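Just so you know, the sequences run in chain order B and V.
In terms of this note's numbering, the first sequence has 89 at position 89, counting the first letter as 1, and numbering is strictly consecutive.
In terms of this note's numbering, the second sequence has 20 at position 20, counting the first letter as 1, and numbering is strictly consecutive.
No lab work stands behind these hints: they were computed from the structure.
A portion of the hints provided could be inaccurate.
No copy is singled out in the list; a pair is fine if it fits within one copy or between any two copies.
In silico EDC-like links for lysine to aspartate or glutamate, alpha-carbon gap of 16 Å or less [said to hold, decoys possible]:
#1 K120 <-> D130
#2 K116 <-> D102
#3 K51 <-> E76
#4 K120 <-> E29
#5 K109 <-> E76
#6 K116 <-> D130
#7 K116 <-> D136
#8 K109 <-> E85
These numbers were taken from a predicted model, which means no experiment stands behind them.
Protein chains: 2
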Amino acid sequence: MESSASSMQLTRAADYAVRVMIHLATLPENERALLPALAEATGAPSSFLSKVLQALSRAGLVLSRRGHLGGFEIVERGRKASMREVIEAIDGPVFLNVCLIDGMSCNRKSWCPAHKVWEKAQAAMMQILDSAIIADLAIQDAGAETTGQSPLHTLSQ
Amino acid sequence: MESSASSMQLTRAADYAVRVMIHLATLPENERALLPALAEATGAPSSFLSKVLQALSRAGLVLSRRGHLGGFEIVERGRKASMREVIEAIDGPVFLNVCLIDGMSCNRKSWCPAHKVWEKAQAAMMQILDSAIIADLAIQDAGAETTGQSPLHTLSQ
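Please take these sequences and the hints and turn them into a complete structure.
Spelled out as structure tokens, the structure:
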């Protein structure tokens, strides 16, 4: 039954969302980036990334401006967002198992020993994703950039 | 982009696999259970559970016998298995993000700040799933059973 190789796996859209948010947060304040540059920096196909950016814009994490001085810009709320918030802006709430979904009434919940394990696994994972803040990650990214390890230097994505 | 409500979510097959393994481990040694009883105990549709049990049998976690004294029986390796092993027997290796897959060469890996977060999130989650052993969970389950909270008593799944 190994057909579902993507069991418990982040969607590509959410992965690209995290990448693009971190990259936008490395740019100087008020600097806007154009889609082709963002596609290059994140390694995402432009058309796909465009949809991801629209979703991030609807979620209030980036600002999208059209026209002469147009482009994408991260907003304060986006800099302060956690990886979890970025992921959930794209994919909706993350639950490792259906039994964890709020309001889902699995009638096994009260006694099922596996349910307790799922709660713990979800909490352990979320604690990491909650504490990973985009602005902080961007500082690490910028650090890698000055040592020549960022894709802006290698252009190899 | 909220179409993928199942982002980072366990498959139903793996969820049922965990349920059936725990239930089989509550049974007395050498006792075999028939599919309808297992379907009732786990709340899984019989035909789907049958495929799950075949996969668990192929993985060497349960024994499936045909005929007069036939049925499904958990083996020692199955009792000692962790929830992670049961899940992976059904879904294959679990990776929260593609960049964690062994041998996948995301060329961002060496510097990407998100990659390090994914490694930590995966390790935190796996630590919980690795330490949840089927035999131990079955003891909790059996405990719930004697207090009348198990589905064998409620029959409400």
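Against the structure, the hints:
In this assembly of identical chains, K120 and D130 lie within 16 Å of each other by CA distance both inside one copy and across copies; the values are 15 Å within and 12 Å between. Proximity of K116 and D102 under a CA criterion of 16 Å is satisfied intra-copy only: 15 Å inside one chain copy versus 29 Å between copies. Taking the shortest alpha-carbon separations for K51 and E76, neither the intra-copy value of 21 Å nor the inter-copy value of 50 Å comes in at or below 16 Å. Proximity of K120 to E29 under the C-alpha cut-off of 16 Å is found in neither arrangement, the shortest distances being 39 Å within a copy and 30 Å between copies.
Taking CA atoms no more than 16 Å apart as the test, K109 paired with E76 passes in neither setting, with 39 Å inside one copy and 27 Å between copies. Only between protomers do K116 and D130 lie at most 16 Å apart by alpha-carbon distance; the minimum there is 14 Å, versus 21 Å within a single protomer. Taking identical chains as interchangeable, the C-alpha atoms of K116 and D136 lie at most 16 Å apart only when they sit on different chains, with a minimum of 13 Å there against 32 Å within one chain. Proximity of K109 and E85 under a CA criterion of 16 Å is satisfied in neither setting, with 27 Å inside one chain copy and 22 Å between copies.
Violation of the numbered hints given earlier is confined to hints 3, 4, 5 and 8; the remaining hints are satisfied by the structure.
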